[in-house]
Amino acid sequence: MFDYNHALILAFMLFTLGTAGVLLRRSALVVFMSIELMLNAVNLVLVVFSRLRGDLDGQVICFFIMAVAAAEAAVGLAIIIAFFKRKKHVDLDRASLLRS
Amino acid sequence: MTNWNVSLLAPEIVLSVCALLIMLLDPPLRRKRLAGFSESVALVGFLGALFLGLMRIGLPVDSSFGGFLIADALSTYLHILFAVIGLSVLIMSIPWLRRDGVRQTEFLVLLIFAVIGMMIMSCSAEMVTMFIGLELLSLPLYVLAGYLRNRERTIEASLKYFLLGAFASALLLMGIALQWGTYGTLHLSSVAPGSGAAPLSLPLAAAGFWLVVVGLGFKVSAVPFHFWTADVYEGSPTPVTALMSTGTKAAAMAVLLRLMSAGFAPAAIEWMPVLWWLAVLTMSVGNLMALVQANIKRMLAFSGIAHAGYLLLAICAGGTAGNAALLFYLAGYTVMNLGAFAIVGLLEGKGERFQSIYDYSGLAKRNPWLAAMMTIFLLSLAGIPATVGFMGKFFIFTETLKAGHIGLVVIALLNSLVSVYYYLRVIYLMYMKDEWGEKPVCRVPASVGILLAFTTLVTLWLGVAPNRLLDALMAAARIF
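In the order they appear, the protein sequences are chains A and B.
If you use numbering that gives the first Met the number 0, the first sequence closes out at 99, no skipped numbers anywhere.
If you use numbering that gives the first Met the number 0, the second sequence closes out at 479, no skipped numbers anywhere.
Worth double-checking, as some hints may not be accurate.
Covered by chain B, according to a simulated footprint, are these stretches of chain A (three or more residues, beta-carbon under 8 Å) [unchecked claim]:
(1) 28-37
(2) 59-71
(3) 79-89
Looking from chain B toward chain A, a few residues come up when the C-beta cut is under 10 Å (computed) [what the hints assert, rightly or not]:
(4) Leu138
(5) Met173
(6) Pro265
Think of the hints as simulated: they come from the structure by calculation, not from any bench.
Think of the CB as a built atom: it goes at the ideal place given N, C-alpha and C, for glycine as much as any other residue.
Using the sequences plus the hints, can you model the full thing?
Laid out in structure tokens, this is it:
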């Protein structure tokens, strides 16, 4: 028996994990992975609701999110690589040329 | 039954075609040294979009793509605004691209795509479309922020902007997913169930709503989601900063406006206190932080945060007149900020060396015209009478007062007083101080000169005779 609550709780756990990763980790790559985790949690929520409502719209939105996530990954990894080439690290705590 | 009227997307289509033309034809033409091709195509694209936007004035409300896109007076107004922003940023960026010897093609293409994203956001009637527009705006901006990828500051700005922007997008998406899960629809006008019950009574719906607000709060750089703003504005190339501070803010603000005054209007009693505090914090933190900045771009960044606070004030005010005041202020803010950033871009010199406010010492002797125009923009940002900044603030404060938020208006007035200090300090340096080190007299290219003359005139004209625009915007705001 498929329990929607369990799936939703799993999605929220993933989302919280991702948020915590963004806020606590200092490596740009790990932060980026955490953001991807959050996006996957969103996809899971959409799929669960889609099944719960018997409405396929949620799954269609999922495809949009995947496409956007892919575009974001392409741009983001390029930026991280450019940063690494220049600085030889991807540590956000040491990225403080601009006062923050 | 479903209307598939593609003509609603005409400005976007024209711009897309121009971007594709540039990408296709630039490499073969560059070998033949046909300089200026890409710029001309981009210029034609923005002028075409502007023309198509102007053509749509007065047409009845129309929707297309199954109701995902809406063409009302608000979206028409914003299309025109974004076309003007795109045109101005293009004009600002061409001398910069030549001066620093940067590759042009990609810059122009990304600029066009970012403007298309803004336009799509402004005419989306539905949250996923809005999100696609937001990403179409953000992804090029991440790249543009780091366009000079060999410069450490720029690439650092780009990285910070990307990580925080993607994080905000993820929060926004979760909000959208929860909204869809609870209501089964994502249309901005009908997100809330029409039953009259408080639409945020369900915990998941409330969480979804707040996540959407936080996601958009990042984009308009509302405090406490503002911490990326100053770093990114300072590190990005100046034309890109101009685009971010005007376009992104206007697009996100417009979506927030649609959201708050359409679908979520019934829940106003629940979000109003939070928005109240958001406005107060945004104004106060922005202005107080701007007081201590020595870099002109950082100062304008914090001033932009403060202005986002005034715009949130207008959302608190609500109503047709309040919305019209917000749209009027958006126009004014856009014009004076574009002018100010155009001057900053001219004066910073090759390699962006002169960005300290002390580099503006004695500008009145070196470049009297530039100093005079900068003075007008700064006075307008401070809200001195006879400028559009004053009129905009006047309308927003009056409407907020009418809506009964007296405390909010008092705080906003105090904030305006504080802000006068840091704007006047730059004017003081320009006129009263002697030059600080040797600096070359700045040559103004003709195109930028025309842009500056235009923004100055609009700043003054709307400050003296705001009625025609305001009446037109009342019609745009009446759709809600």
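Checklist entry - What are the numbers of the hints the structure violates, in ascending order? => result Checked against the structure, the only hint that fails is number 6, while the rest are satisfied.
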